[in-house]
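Required output: the full structure, derived from the provided sequences and hints.
Heads up: the sequence lines are chains B and S, in that order.
Counting in numbering that gives the first Met the number 0, the first sequence runs from 0 upward without gaps.
Counting in numbering that gives the first Met the number 0, the second sequence runs from 0 upward without gaps.
Hints should not be assumed to be uniformly reliable.
As the list claims (entries may be wrong) - Derived Cβ-Cβ restraints for the label pairs, each shown as a range: (1) M138/S / L39/B: 32 to 40 Å; (2) L26/S / L39/B: 15 to 23 Å; (3) M138/S / N24/B: 38 to 46 Å; (4) N114/S / I6/B: 19 to 27 Å; (5) S25/B / S2/S: 13 to 21 Å; (6) S2/S / V18/B: 17 to 25 Å; (7) Q5/S / M41/B: 32 to 40 Å; (8) F87/S / Y7/B: 23 to 31 Å; (9) P78/S / M43/B: 42 to 50 Å; (10) L94/S / I6/B: 18 to 26 Å; (11) W115/S / M43/B: 22 to 30 Å; (12) I42/B / F87/S: 36 to 44 Å; (13) I42/B / V97/S: 16 to 24 Å; (14) G81/S / L39/B: 38 to 46 Å.
Everything labelled a hint here was simulated from the structure, so no lab data went into it.
Values in this document were obtained by computation on a predicted structure and should not be read as measured data.
Glycine included, C-beta positions come from ideal geometry on N, C-alpha and C.
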Amino acid sequence: MKKWIVIYFPYPCVVLSVVLGIIFNSATISIFGYLATALLMMIMNEAID
Amino acid sequence: MPSGKQHNYLNQTMLIILAGLAMFLDLAPETRELYWFGILGMMIGINYFGPDLDKNGTFQDQNYGMLHIFWDGYAWLFPHRGASHDWFGIFTRLLYIVPLLVVIAWKHFHWIQYNWPKPTAILVGIIIADWLHVLADKMFSLRRK
Chain B
0 MKKWIVIYFP
10 YPCVVLSVVL
20 GIIFNSATIS
30 IFGYLATALL
40 MMIMNEAID
Chain S
0 MPSGKQHNYL
10 NQTMLIILAG
20 LAMFLDLAPE
30 TRELYWFGIL
40 GMMIGINYFG
50 PDLDKNGTFQ
60 DQNYGMLHIF
70 WDGYAWLFPH
80 RGASHDWFGI
90 FTRLLYIVPL
100 LVVIAWKHFH
110 WIQYNWPKPT
120 AILVGIIIAD
130 WLHVLADKMF
140 SLRRK
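The following block contains the structure:
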């Protein structure tokens with residue numbers, strides 16, 4: 000379960016942040032979307048452990 | 000040469016592809032973490048460190064908002080599509096922000112000392128994003144010849 004989340008979860012989130020960044024022409028959305036994903040990953044890793 | 004928008008789409012597409020590659024690579028957890036730091040570096044490189052900083056009003060220049068005036072000096076030093084659009088162009092931009100990098104390194108010395116692979120991965124990502132831009136320019140020039 001943990002491995003599955005670690006491998007597959009960040010990808011759609013990163014894609015979403017990049018696409019939203021392009022749509023709204025905002026680098027901030029891309030970067031913050033990415034950082035939010037990283038934060039969520041950290042929280043999920045802690046929760047699963 | 001491709002326009003700024005085309006460069007942006009091309010680089011963002013490559014970013015998505017490289018990020019997707021992480022799903023298929025059998026990486027150790029530490030390596031996977033570094034890989035994602037590299038992707039973050041690419042994102043920073045595409046949006047904030049592209050070769051087009053040598054021109055006012057470009058995509059990267061606008062991303063700095065009010066701070067874009069900081070890069071006016073760089074645009075003055077490096078004419079558009081000159082040295083900044085070469086393989087070593089990224090290093091001219093890194094040299095331009097050396098004072099800022101020194102302050103960051105000074106403030107976070109201990110963290111960097113023990114976690115140096117992470118900032119290195121970010122740096123590699125920034126360089127890859129920059130080289131993708133240069134590569135697209137070079138390929139376009141070759142095709143036109």
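>> Taking the Cβ atom of P78/S and the Cβ atom of M43/B, is their distance within the range 42 to 50 Å?
In response: Given range 42 to 50 Å: holds, Cβ gap about 48 Å.
>> Holds or violated: the 19 to 27 Å window for the beta-carbon distance between N114/S and I6/B?
In response: holds, 23 Å
> Can the suggested window of 23 to 31 Å be confirmed for the beta-carbon pair F87/S and Y7/B?
Replying inline: This hint is violated: roughly 37 Å between Cβ atoms.
>> The hint says 17 to 25 Å between S2/S and V18/B; measuring C-beta to C-beta, is that right?
In response: holds, 20 Å
> Has the hinted range 13 to 21 Å been met by the Cβ atoms of S25/B and S2/S?
Replying inline: holds, 19 Å
>> A range of 32 to 40 Å was offered for this pair. Does it hold for the Cβ distance of Q5/S and M41/B?
In response: With a Cβ separation near 35 Å, Q5/S and M41/B satisfy 32 to 40 Å, so the hint holds.
>> Given the hint of 18 to 26 Å, is the C-beta distance from L94/S to I6/B inside that range or not?
In response: violated, 38 Å
>> Just to be sure I understand the hint, the distance between the Cβ atoms of L26/S and L39/B should be within 15 to 23 Å; is that true here?
In response: holds, 20 Å
> Per the hint of 16 to 24 Å, is the separation of the Cβ atoms of I42/B and V97/S within bounds?
Replying inline: Violated, at about 36 Å.
> Do G81/S and L39/B keep their Cβ atoms within the hinted range of 38 to 46 Å?
Replying inline: holds, 42 Å
> Are M138/S and N24/B spaced within 38 to 46 Å by their CB atoms?
Replying inline: Between M138/S and N24/B, where Cβ atoms are some 26 Å apart, the hint is violated.
> Is the gap between the beta carbons of W115/S and M43/B within 22 to 30 Å?
Replying inline: Hint holds: Cβ distance 26 Å, inside 22 to 30 Å.
In this structure, the earlier hints numbered 3, 8, 10, 13 are contradicted, and the remaining ones agree with it.
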